[in-house]
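> The lines below spell out each chain.
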Amino acid sequence: MTLTLAGIAQLVGGELLSGDPQRSVAGVAGLEDARPEHLSFFGNARYRAQLDATQAGAVLVAKDGPVTHARAAVIRVAQPHLAFAHVARAFHRPPNVRPGIAPQAVVDETAQVDPSAQLGPFVWVGPRAKVGARVVLHPGVTLGADAQIGDDSVLHPNVTVYERCIVGRRCVLHAGAVVGADGFGFAFDPQAVEHVKIPQVGIARLEDDVELGANSCVDRATTGETVVGRGAKIDNLVQVGHNSVVGPLSILCAQVGLAGSTTLEPGVMLGGQAGISGHLTIGARTKVAAQSGVISDVAANTEVLGTPALRKSEQWRIVAAQRHLPKLLSEVRALQKRLSELEGKAKP
Amino acid sequence: MTLTLAGIAQLVGGELLSGDPQRSVAGVAGLEDARPEHLSFFGNARYRAQLDATQAGAVLVAKDGPVTHARAAVIRVAQPHLAFAHVARAFHRPPNVRPGIAPQAVVDETAQVDPSAQLGPFVWVGPRAKVGARVVLHPGVTLGADAQIGDDSVLHPNVTVYERCIVGRRCVLHAGAVVGADGFGFAFDPQAVEHVKIPQVGIARLEDDVELGANSCVDRATTGETVVGRGAKIDNLVQVGHNSVVGPLSILCAQVGLAGSTTLEPGVMLGGQAGISGHLTIGARTKVAAQSGVISDVAANTEVLGTPALRKSEQWRIVAAQRHLPKLLSEVRALQKRLSELEGKAKP
Amino acid sequence: MTLTLAGIAQLVGGELLSGDPQRSVAGVAGLEDARPEHLSFFGNARYRAQLDATQAGAVLVAKDGPVTHARAAVIRVAQPHLAFAHVARAFHRPPNVRPGIAPQAVVDETAQVDPSAQLGPFVWVGPRAKVGARVVLHPGVTLGADAQIGDDSVLHPNVTVYERCIVGRRCVLHAGAVVGADGFGFAFDPQAVEHVKIPQVGIARLEDDVELGANSCVDRATTGETVVGRGAKIDNLVQVGHNSVVGPLSILCAQVGLAGSTTLEPGVMLGGQAGISGHLTIGARTKVAAQSGVISDVAANTEVLGTPALRKSEQWRIVAAQRHLPKLLSEVRALQKRLSELEGKAKP
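So the sequence lines, in the order shown, correspond to chains A, B and C. Each residue of the first sequence is one higher than the one before, counting from 0 in numbering that gives the first Met the number 0. Each residue of the second sequence is one higher than the one before, counting from 0 in numbering that gives the first Met the number 0. Each residue of the third sequence is one higher than the one before, counting from 0 in numbering that gives the first Met the number 0.
In case anyone wonders, no lab produced these hints; they're calculated from the structure. One or more hints might be untrue.
Claimed, not checked - Quick look at which bits of chain A chain B covers, simulated, 3 or more residues with Cβ under 8 Å:
#, stretch
1, 81-93
2, 231-244
3, 247-261
4, 311-323
Stated by the list, open to error - Listed next, the in silico SDA-like pairs over lysine to any residue satisfying Cα-Cα at most 20 Å (straight line):
#, chain 1, residue 1, chain 2, residue 2
5, B, K344, C, K344
6, A, K62, A, S17
7, A, K311, B, K344
Just so it is clear, the structure is predicted and the values come from calculations on it, not from any experiment. In this text, a Cβ means the ideal position worked out from N, Cα and C, and glycines have one as well.
Let's have the full structure, built from the sequences with the hints guiding it.
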């Protein structure tokens with residue numbers, strides 16, 4: 000498959016600034032990997048040197064990008080990264096779903112599997128579970144009793160969806176992801192000297208267009224629901240605790256942890272390894288930097304950093320000041336000494 | 000199933016302060032989720048507003064709680080959270096074990112599986128492994144050679160127990176948990192220029208009543224045992240390194256990491272994402288706050304916080320002081336200037 | 000199986016300082032676990048008390064170690080830990096590969112499986128995938144279309160290798176590890192109000208002699224390759240983001256996270272829970288301490304610590320100084336007061 004530069008410009012609503020409109024490209028690649036048959040993109044001034052050196056046959060640039068390039072045709076677009084995504088999707092359509100149930104899958108007789116769904120070997124579908132149209136269940140996927148998977152979702156190998164949990168439409172769950180394991184709830188019994196398990200009888204529910212990374216976990220609620228909202232994207236090895244709510248369009252990078260009963264409003268972004276304590280609310284579109292630890296509510300449209308998390312600007316000032324701290328200690332010692340001497344002289 | 004308020008009061012050793020003893024409830028729920036047919040609980044003054052607003056038909060409260068409520072019957076108990084756990088368990092008993100081995104399971108002919116155990120499809124039980132009474136092995140569980148699973152334990156989908164490792168009685172292992180993968184041990188060979196793997200020939204052993212979260216890992220020992228003690232509860236995505244000992248009744252929140260050969264004495268609590276270096280001892284009942292990094296032994300009955308971890312009270316004073324640090328720098332600069340001026344004047 | 004002390008001394012190029020050369024040992028163990036039939040090692044002066052108390056029948060020591068021991072024969076070697084590794088490997092050879100494909104495995108007819116390979120039950124091998132000589136695929140392993148596994152590699156239960164990804168020779172992948180899940184790449188479309196997924200069409204490639212821990216994840220590249228270099232060792236629950244390069248012989252401890260497009264040069268060591276931001280280069284043989292957060296390039300042969308990571312010596316000075324910070328605040332207040340008084344007196 001190839002696309003002409005004219006076709007690409009039309010696809011992304013861009014303008015071909017230089018290069019032959021009938022030239023064709025055969026795929027996409029990053030600036031450093033690209034060869035003459037590839038289209039690439041320049042979205043961040045930081046990569047100017049890579050743009051200059053690229054072997055790509057064409058590049059998508061923004062308004063402030065160059066109008067010509069030594070080797071590459073140049074297409075101007077409003078948002079190069081987004082345009083690149085659209086071109087990449089035109090080149091790389093997901094493989095066709097091959098309807099049918101592998102003979103080595105086990106589907107309970109009371110389950111409802113849409114005839115257009117594809118179930119691989121070693122898939123187990125429990126009683127009364129529902130599998131929607133064009134769903135792909137890769138080998139080793141397990142759906143508990145009464146679980147539901149919405150149309151066009153893809154569950155990669157060894158994903159587990161526990162009983163009664165719900166996955167929306169067009170979701171992607173990567174290998175080893177777990178939806179609906181028990182929330183972590185115990186009450187200590189001092190007489191029996193044991194932690195008494197509180198039954199976790201709620202569910203976990205993923206709305207439409209959610210992506211859940213490899214080996215990530217969304218726990219079921221104690222009662223009620225743990226929810227991952229529409230279009231939220233979650234990377235690998237993330238923990239979403241019981242009764243949490245991940246707002247629509249939120250982004251959770253790898254190894255993030257949400258304790259229980261925490262609410263992320265829409266569009267929150269959590270950097271890798273960040274952690275959020277329980278029973279908090281993080282306001283809409285707020286960004287939490289990687290490795291931060293949030294222990295109190297955060298307002299909307301804020302950027303926070305550090306543990307405990309503070310506004311980014313304040314935290315950076317503290318971080319910068321800390322480097323002066325060892326010297327500051329000795330300076331204060333010197334001041335004390337000088338001041339004592341002065342005070343001695345000042346005595347009558 | 001329903002329970003009367005009188006029956007609940009009797010079950011939890013509580014006193015019905017207000018409400019009709021014959022009124023029945025049909026389940027449990029948190030204060031915010033509860034409807035009139037539910038019992039809830041009020042265990043923390045922080046949630047007073049939710050108590051006032053709850054639609055629950057009955058609430059469990061402690062001595063310092065209210066004696067009446069606009070809508071809910073009130074039952075006084077010593078520990079509302081614990082009482083709630085017991086009532087929840089009365090309502091939500093685990094499903095009955097259905098004895099038998101699915102035709103799609105593979106059990107080595109030398110393995111010993113109790114006839115009361117339930118083995119789902121795609122379960123593999125290796126040579127000489129032992130599976131106790133009423134054990135449930137969900138689809139995709141793998142037990143290596145000579146592994147042992149104690150009576151009444153439940154292993155959720157795709158759990159792996161490596162060869163010779165031991166799981167006690169009444170344990171719950173959530174989906175994707177791994178018991179007995181190799182400890183991380185290598186010795187660098189400068190001549191061959193390679194890391195030489197040290198065979199990990201010990202085992203991992205979970206005592207009775209342990210819960211292990213989804214995708215958590217307990218590594219086998221280099222030699223000897225890695226142990227998780229009786230009644231310890233471990234959340235999702237936790238790493239327990241080789242030759243570590245997790246004391247009985249310890250609580251490890253999600254994404255905690257224990258390096259090798261570290262000992263947690265009984266009842267230690269580790270907050271989410273906390274990390275403990277190797278070859279340390281954390282004293283009994285000590286609490287390590289979330290995201291803390293512990294790099295030296297900690298005494299019993301202590302609370303520590305931060306990286307490197309300090310006593311909580313000291314660390315909070317430092318954290319509070321840090322916010323003044325940028326201003327402090329300029330104040331010291333001002334002091335230096337003022338002092339120099341004074342010194343100039345003081346010169347004869 | 001037993002080995003004589005003379006045989007062990009020869010195996011490791013060591014010198015038997017005390018003890019009967021014909022005495023035999025039956026295995027290896029750590030100083031604390033060892034019994035009289037065991038060989039142990041003393042590699043770190045910190046464990047002197049354990050050496051003195053050990054019940055081991057023989058110990059490996061370095062030049063600066065003791066020449067005799069109350070109970071143990073003493074063998075002097077250049078590197079006790081490395082010598083211990085070699086002796087342990089002599090005692091504990093991996094089990095023989097049992098060639099053959101379990102009847103419960105599903106191998107695509109276009110896949111190429113070497114006849115010497117061992118495929119357990121519930122293994123799925125996709126179209127055109129290649130499985131090398133003496134490879135062991137434990138139960139539940141899934142190999143996507145066109146995946147390749149090099150000779151002598153072992154994939155433990157429920158490992159997933161996505162389509163087209165490559166695992167080298169003599170690799171060990173522990174249970175639940177995931178190679179080649181999608182990189183985390185989206186472009187926000189403000190008009191459609193959604194995150195548009197960027198197809199991840201590159202691959203993940205593990206070179207020879209790599210070990211990948213339980214439930215660890217190496218994402219596939221957006222375009223091109225994510226690479227784990229020869230002989231690198233990765234512990235459990237580690238995240239290697241798309242387009243990252245892990246240099247040969249690097250060591251990544253548990254729960255480490257590498258964001259996208261980050262390069263580790265050869266021999267880098269990352270402590271547990273450390274995180275590295277995207278698009279960085281960490282120089283050869285650099286050590287990053289546990290829980291550190293690296294947000295800028297680091298030169299070769301450096302040791303860094305903290306978040307944001309600084310040179311270890313500088314960071315330790317800051318950490319030490321922080322403990323004085325609360326007191327420093329009050330000292331500066333006192334200085335200000337004393338100075339004001341002096342200034343008052345100095346006024347004419």
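> Against this structure, judge whether each hint is valid.
Going through the hints against the structure:
Only when three residues or more bring their CB closer than 8 Å to a CB of chain B does the claim for the stretch 81-93 of chain A stand; here the count is 0, and the claim is violated. Counting residues of the stretch 231-244 of chain A whose beta-carbon sits less than 8 Å from any beta-carbon of chain B gives 4, enough to reach three: the coverage restraint holds. Taking a C-beta to C-beta cut-off of 8 Å, the stretch 247-261 of chain A contributes 3 residues in contact with chain B, enough for the three needed, and the coverage statement holds. By the rule of at least three residues with a Cβ nearer than 8 Å to a Cβ of chain B, the coverage given for the stretch 311-323 of chain A holds, with 7 such residues.
For the hint linking K344 (chain B) to K344 (chain C), the alpha-carbon distance of about 12 Å falls within 20 Å, and the restraint holds. With a CA separation close to 14 Å, the supplied pair K62 (chain A) and S17 (chain A) stays within the 20 Å bound. Proximity of K311 (chain A) to K344 (chain B) is assessed by CA-CA distance (about 43 Å); at most 20 Å being required, the pair is judged violated.
Figure legend: structure checked against the earlier numbered hints; hints not met, in rising order: 1, 7.
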